[in-house]
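A.B. asks: Protein chains in written order, with our numbering: chain A, 6 to 86; chain B, 83 to 445; chain C, 212 to 459.
With a Cα cut of at most 25 Å, we get these calculated SDA-like pairs of lysine to any residue:
| id | chain 1 | residue 1 | chain 2 | residue 2 |
| --- | --- | --- | --- | --- |
| 1 | C | Lys220 | A | Leu16 |
| 2 | C | Lys408 | C | Thr317 |
| 3 | B | Lys369 | B | Arg418 |
| 4 | C | Lys407 | A | Leu68 |
| 5 | A | Lys39 | C | Ser435 |
| 6 | A | Lys21 | C | Arg230 |
| 7 | A | Lys51 | C | Lys276 |
| 8 | A | Lys39 | C | His398 |
| 9 | A | Lys43 | A | Cys66 |
| 10 | B | Lys144 | C | Arg326 |
| 11 | A | Lys21 | C | Glu437 |
| 12 | B | Lys298 | C | Glu252 |
| 13 | A | Lys51 | C | Glu437 |
| 14 | C | Lys433 | A | Leu44 |
| 15 | C | Lys356 | C | Ile315 |
| 16 | A | Lys43 | C | Glu438 |
| 17 | B | Lys89 | B | Val355 |
| 18 | B | Lys298 | C | Glu300 |
| 19 | B | Lys298 | C | Arg230 |
| 20 | B | Lys230 | B | Trp289 |
| 21 | B | Lys442 | B | Arg354 |
| 22 | B | Lys255 | B | Glu315 |
| 23 | B | Lys272 | B | Pro110 |
| 24 | B | Lys366 | B | Asp436 |
| 25 | A | Lys43 | C | Trp432 |
| 26 | A | Lys21 | C | Leu400 |
| 27 | B | Lys384 | B | Tyr334 |
| 28 | A | Lys43 | A | Gly65 |
| 29 | A | Lys51 | B | Val309 |
| 30 | B | Lys222 | B | Leu321 |
| 31 | B | Lys144 | B | Asp128 |
| 32 | B | Lys318 | C | Leu270 |
| 33 | C | Lys258 | B | Glu192 |
| 34 | A | Lys59 | A | Gln31 |
| 35 | C | Lys257 | C | Leu228 |
It should be emphasised that the hints constitute simulated quantities derived from the structure, not laboratory data.
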Amino acid sequence: MYRKLHLIRFLSYQIKILEDQCKGCQLCVYVCPKHLLKLSSHTNEKGYFVVEWKNMGCIGCGLCYHICPEQAIRIYAEVKE
Amino acid sequence: MSRLYLKGNEAIVEGALRAGLNAFFSYPITPASEIIEAFAEKFFADREREKRGEKPLYPKFKVFMQMESEIASINAVMGGAAAGFRVMTSSSSPGISLKMEGISYLAACELPCVIVNIMRGGPGLGSIQPEQGDYFQAVKGGGHGDYKLIVFAPNSVQEMAEHTMLLFNLTDKYRNPGMLLADGYLGQMKESMEIPKIPIEEYEKPWAVTGIGERKKQNVIEFLYLVPEPMIEAKKRLLKKYKEIEKNEIRYETYKIDDAKILITAYGTCSRVAKAAVDLAREKGVKVGLLRPITLWPFPYKIYAELTNYQIDRVLVIEMSFGQFVEDVRLGVEGRAEVKLYACYGGIVPTEEDIWEKIKEIA
Amino acid sequence: MRVSALIPKYPEPETYLGRTHYCPGCGHGILHKILGEVIDELGIRKKVILIEPIGCSVLALNYLKVDGIQGPHGRAPAIATAVKRLRPENIVITYQGDGDLAAIGTNEILHAANRGELFTVIFINNAVYGMTGGQMAPTTLIGQKSTTTPTGRKVEYTGYPLRICELLNTLEAPVYLERVSLHDVEHILQTKAAIKKALLKQIEKRGFSLVEVLSNCPTNWKMSPEESWEFVKNEMVKIFPLGVFRDK
Numbered sequence: 006m007y008r009k010l011h012l013i014r015f016l017s018y019q020i021k022i023l024e025d026q027c028k029g030c031q032l033c034v035y036v037c038p039k040h041l042l043k044l045s046s047h048t049n050e051k052g053y054f055v056v057e058w059k060n061m062g063c064i065g066c067g068l069c070y071h072i073c074p075e076q077a078i079r080i081y082a083e084v085k086e
Numbered sequence: 083m084s085r086l087y088l089k090g091n092e093a094i095v096e097g098a099l100r101a102g103l104n105a106f107f108s109y110p111i112t113p114a115s116e117i118i119e120a121f122a123e124k125f126f127a128d129r130e131r132e133k134r135g136e137k138p139l140y141p142k143f144k145v146f147m148q149m150e151s152e153i154a155s156i157n158a159v160m161g162g163a164a165a166g167f168r169v170m171t172s173s174s175s176p177g178i179s180l181k182m183e184g185i186s187y188l189a190a191c192e193l194p195c196v197i198v199n200i201m202r203g204g205p206g207l208g209s210i211q212p213e214q215g216d217y218f219q220a221v222k223g224g225g226h227g228d229y230k231l232i233v234f235a236p237n238s239v240q241e242m243a244e245h246t247m248l249l250f251n252l253t254d255k256y257r258n259p260g261m262l263l264a265d266g267y268l269g270q271m272k273e274s275m276e277i278p279k280i281p282i283e284e285y286e287k288p289w290a291v292t293g294i295g296e297r298k299k300q301n302v303i304e305f306l307y308l309v310p311e312p313m314i315e316a317k318k319r320l321l322k323k324y325k326e327i328e329k330n331e332i333r334y335e336t337y338k339i340d341d342a343k344i345l346i347t348a349y350g351t352c353s354r355v356a357k358a359a360v361d362l363a364r365e366k367g368v369k370v371g372l373l374r375p376i377t378l379w380p381f382p383y384k385i386y387a388e389l390t391n392y393q394i395d396r397v398l399v400i401e402m403s404f405g406q407f408v409e410d411v412r413l414g415v416e417g418r419a420e421v422k423l424y425a426c427y428g429g430i431v432p433t434e435e436d437i438w439e440k441i442k443e444i445a
Numbered sequence: 212m213r214v215s216a217l218i219p220k221y222p223e224p225e226t227y228l229g230r231t232h233y234c235p236g237c238g239h240g241i242l243h244k245i246l247g248e249v250i251d252e253l254g255i256r257k258k259v260i261l262i263e264p265i266g267c268s269v270l271a272l273n274y275l276k277v278d279g280i281q282g283p284h285g286r287a288p289a290i291a292t293a294v295k296r297l298r299p300e301n302i303v304i305t306y307q308g309d310g311d312l313a314a315i316g317t318n319e320i321l322h323a324a325n326r327g328e329l330f331t332v333i334f335i336n337n338a339v340y341g342m343t344g345g346q347m348a349p350t351t352l353i354g355q356k357s358t359t360t361p362t363g364r365k366v367e368y369t370g371y372p373l374r375i376c377e378l379l380n381t382l383e384a385p386v387y388l389e390r391v392s393l394h395d396v397e398h399i400l401q402t403k404a405a406i407k408k409a410l411l412k413q414i415e416k417r418g419f420s421l422v423e424v425l426s427n428c429p430t431n432w433k434m435s436p437e438e439s440w441e442f443v444k445n446e447m448v449k450i451f452p453l454g455v456f457r458d459k
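Could you put the whole structure together from the sequences, leaning on the hints where they help?
C.D. replies: Encoded structure:
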């Protein structure tokens with residue numbers, strides 16, 4: 006299923022940040038080509054400032070997913086009707 | 083054919099193969115090189131048999147490797163033991179010093195294996211003559227940390243084979259590394275021996291590293307605790323195991339102690355000479371008895387205490403070193419008798435006449 | 212239109228569990244994640260035995276759900292030799308840092324590579340000793356500051372950085388030697404492909420494979436994660452050129 010997603014054009018995407026795993030290293034902020042991520046002002050249980058998403062504009066490129074050392078980002082394709 | 087005529091070193095190989103050894107990793111060193119050579123001969127002879135389509139004589143002996151160093155050998159033993167196999171390595175005093183970190187790790191991770199030490203003159207490069215200078219290294223530590231090795235001290239070619247087989251069983255049973263402490267004299271001498279009849283005891287190894295397969299929990303061989311509480315628990319488990327071994331596995335031999343006034347005590351090669359010295363002394367009218375520890379750890383402290391409680395009031399310790407074994411004898415005797423040392427170091431094995439001279443001094 | 216369903220783009224990881232103790236932005240997290248993905252994609256998790264080093268990744272087996280052994284510093288290739296020869300059907304991987312492999316363990320890796328042992332070595336090189344607080348490593352660059360080279364590494368005291376791939380390339384037996392990096396997503400995906408290729412060499416029983424991965428240490432280099440990856444891209448790659456050295 007994962008391999009066929011790219012065959013469907015005009016998909017839009019969402020990301021979810023697993024806040025309890027994020028360490029605020031900001032590599033995803035650095036790498037996002039549409040600058041949709043930034044360090045937020047709230048912390049998780051461990052005391053790290055976590056990253057947050059602008060909630061729009063994600064093109065599903067996957068760069069943030071690949072660079073996150075904690076695997077704390079999940080990318081979802083939105084099926085609309 | 084029910085008897086063999088072998089060198090001590092070759093008898094170790096015979097015993098190990100009969101115990102179902104799976105892998106041997108070692109590095110050559112005098113006076114233990116015959117061990118690695120005998121294993122090589124048997125291993126490659128089996129491979130030639132397989133090429134000709136015949137069955138190998140030792141199907142369980144799967145891996146033989148001459149590693150690049152003593153350190154690589156003990157670490158290969160760690161890998162093989164972690165994977166759940168019967169593994170062995172052999173060396174002599176300076177090589178055993180190199181293996182000490184590995185031995186400490188093996189004891190911490192509770193991995194069964196047999197380490198053979200054919201002692202030679204020390205310290206440093208020393209000599210290739212026999213000495214018994216590695217007693218402290220084997221029994222009191224050597225490697226860092228709180229641990230104990232199960233140590234056997236054979237005194238004949240027969241025992242070189244039998245104790246190797248016993249060590250494979252005991253190390254598997256208790257999940258602890260073990261050491262066969264012999265010296266160059268025993269390693270090099272040739273004697274007739276019977277085929278050893280020690281049965282192979284199989285033990286389950288659910289902790290072995292085999293690939294997670296269908297298990298829910300990973301098997302990880304490690305011993306690192308960053309906070310004290312789990313470390314305390316882990317060390318309590320080790321301590322409990324050592325107490326159990328001390329309760330069940332002490333082995334020793336006595337000779338003519340019932341009416342003895344003087345006790346002589348020795349292990350390994352010295353104990354053979356000591357036995358002859360007992361007979362010589364009794365001919366000359368002095369009632370002497372012999373206590374020979376077979377396991378150096380667990381040490382038979384209580385036997386020394388029992389024997390020196392009544393008519394024995396003098397103990398002569400014979401060893402080929404400055405005086406290492408004598409300290410444990412003193413601990414066992416607990417001041418009940420006078421303990422004297424005949425230290426015969428430098429590479430000479432004492433004769434029964436030498437020992438008789440020392441007995442005369444204290445008789 | 213409203214969103215009626217969300218389809219995940221990537222499968223949930225099975226082998227890599229995350230929640231690590233590594234510093235924020237550390238390459239270990241990225242490399243563990245890629246290793247986990249490759250193990251999942253090849254379907255070999257049940258057969259993997261991982262030998263972890265002494266170093267920051269001494270707890271790697273807390274984050275990768277496979278069987279494994281924690282051996283003494285630098286001795287992983289000797290341990291892996293025994294495990295692979297006694298269990299040839301398992302996939303044996305050693306994961307070693309620059310102190311483990313290039314300092315104390317050079318003898319073990321040289322001889323294991325020379326014997327053509329059938330396991331795979333993942334060598335993560337970040338030019339410093341991270342675990343112990345930032346001392347010089349054999350792969351530290353000339354002029355690089357560390358706690359034991361406070362005025363920069365000088366040739367007359369410490370020699371030159373060691374290039375492991377080039378050294379092992381002089382041996383007959385190894386079948387796959389590649390140096391890769393983790394400094395941007397393009398190179399992360401190249402690393403993933405290299406690791407997959409190295410593991411396939413083991414599965415196909417071809418021979419010894421080693422992948423050297425250039426990584427960072429933001430804490431001990433005293434840089435932010437982005438700056439540290441810039442350092443890897445601009446400085447380390449000059450001294451440790453990327454590429455395939457051998458592919459038999």
